[in-house]
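Chemist: Sequence:
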Amino acid sequence: MTDRPLIVWFRQDLRIADNPALHRASRSGSRLVCVYVHEDDDPAHDDVPAPRPLGGAARWWLHQSLLALDGDLRAIGGRLLLLKGPAAREIPGLARRIGAGAVLVNRVYDPEGAARDRAIAERLKADGIHMAGHNALLLHEPWTIETKTGGPYQVFTPFWRAARDKGEIPPPLAASDRLDLVEDAPEGVPLVSLNLLPRIDWAGGIAASWTPGSAGARDRLAGFLNRALTGYKPDRDRPAGETTSRLSPHLRFGEIGPRTVWHAVHHAIEAQGLEGPARASADTFLTELGWREFSYHLLHHFPHLPARDLKETLTGFPWREDAAALDAWQRGRTGYPIVDAGMRQLWHTGWMHNRVRMVVASFLVKHLMIWWKPGEAWFWDTLVDADPASNTASWQWSAGTGADAAPYFRIFNPVLQGERFDGDGAYVRRWVPELAKLPDRYLHKPWTAPASVLATAGIRPGQTYPAPIVDHDQARERALAGYARTRKE
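Every letter in the sequence shown is one number past the one before it in this note's numbering, and letter 296, counting from 1, is 641.
The hints are simulated quantities; they were obtained by calculation from the structure and are not laboratory data. From the three backbone atoms N, C-alpha and C, an ideal C-beta is built for every residue, glycine too.
Listed next, with one range per pair, are the computed distances between beta-carbon atoms: (1) A420 to K782: 47 to 53 angstroms; (2) R506 to D816: 38 to 44 angstroms; (3) T629 to G495: 26 to 32 angstroms; (4) N540 to R676: 23 to 29 angstroms; (5) A553 to D472: 45 to 51 angstroms; (6) D385 to T801: 48 to 54 angstroms; (7) G495 to A553: 48 to 54 angstroms; (8) E486 to R676: 36 to 42 angstroms; (9) E486 to V798: 52 to 58 angstroms.
Only pairs whose alpha carbons sit at most 25 angstroms apart, straight line, appear in this in silico PhoX-like list of lysine-lysine: (10) K470 to K429; (11) K493 to K511; (12) K718 to K656; (13) K656 to K493.
Modelling step: build the complete structure from the supplied sequences, incorporating the hints.
Modeler: Printed below as a string of structure tokens:
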């Protein structure tokens with residue numbers, strides 16, 4: 346590639362295995378600098394855009410992930426250089442300082458990050474430095490899947506069929522085993538100076554729930570394959586227990602790549618001889634990787650997705666600005682146990698089960714008639730897996746404004762959702778312990794319990810647990826009436 350030093354710029358690819366940029370650089374024979382640039386506190390530089398600043402939970406995760414990556418690099422003779430400031434300033438400046446011949450990256454696909462990369466590539470080119478991009482984030486890059494007319498897909502099923510027709514997924518690249526570093530590289534800044542950790546330590550529950558880093562990702566994948574893969578299809582909608590992979594934050598930060606997950610599942614299919622329902626479960630899990638691909642496909646082709654509705658079917662809808670209702674939703678005090686359990690799980694662990702995400706999103710948008718943007722912003726701040734593509738696409742799906750979205754008139758009944766997917770109450774009792782002593786028949790609708798039952802369970806309505814902030818039937822009628830008026834206008 347070049348006899349001059351190379352820069353490997355880490356972003357959403359915080360791993361050494363199946364990292365195309367690092368793999369190529371380590372086999373070039375050149376000396377390397379491995380760098381991460383933290384832009385959140387000072388993102389703008391000469392009007393060059395920067396990605397959306399991370400929320401609090403994701404900042405905590407990033408701190409731990411960078412620490413783990415530095416350890417992984419040091420184990421093979423490298424280290425992670427940390428810089429702070431606009432990447433449009435820091436990357437060209439570093440390249441000039443060490444006399445770099447090229448900057449190697451794995452591409453990002455959010456509109457601000459992609460625009461920033463184009464601007465940096467032009468600045469490097471002016472200095473005679475090449476910026477080489479690779480794919481580490483997705484199975485298929487967004488522009489490689491097209492409709493027959495050459496356009497983007499807006500419906501998942503044909504998109505995923507087209508993706509599957511692309512042929513075999515390349516196997517993951519082996520981890521580099523030795524790096525040769527530039528000897529006089531700058532020291533950079535210490536990790537603590539990035540100020541990623543909260544000043545008041547509210548992250549204890551998150552820390553107890555997760556092990557960020559590639560080792561944690563590999564352990565999580567192995568546990569899922571051994572424990573839950575073969576029952577994934579029937580069990581995945583049950584929020585209690587380890588029924589899903591929980592790989593989402595590891596994928597979001599690139600601690601493990603989708604190719605690694607894809608091939609690990611296929612290896613399990615072959616090694617275990619999976620057939621029938623077990624094979625259907627494995628295929629269903631792989632389809633969930635497809636939804637992640639679809640979200641990035643949409644974000645690439647519709648870069649306005651994070652800012653406004655993809656489909657304008659609800660333009661003019663009478664959205665409500667209700668700070669008290671939004672606060673009750675955020676704090677898990679709506680009076681609907683399945684909703685409150687999900688929101689409390691989110692606050693405590695930085696994560697929420699996917700079925701419950703759909704329920705709480707539907708509740709905010711359709712029961713409370715609050716636009717999806719405040720809900721998306723809350724998830725962005727509190728989820729460890731807050732992803733620039735999946736978070737927005739999922740919220741617009743729930744609101745009925747996105748691609749292949751649930752229609753607005755599909756309104757989840759939170760009582761029925763709780764009874765169907767948490768019938769024994771294990772999930773609600775875990776996260777709403779003040780209801781733990783209620784019999785199952787009343788657990789998801791405590792307001793229907795006789796006074797004697799409530800007293801025996803130690804529940805004082807409106808005091809130890811709130812009454813419902815809206816009546817389901819009335820809220821449903823109100824939402825449908827608003828939808829009908831919008832359709833007529």
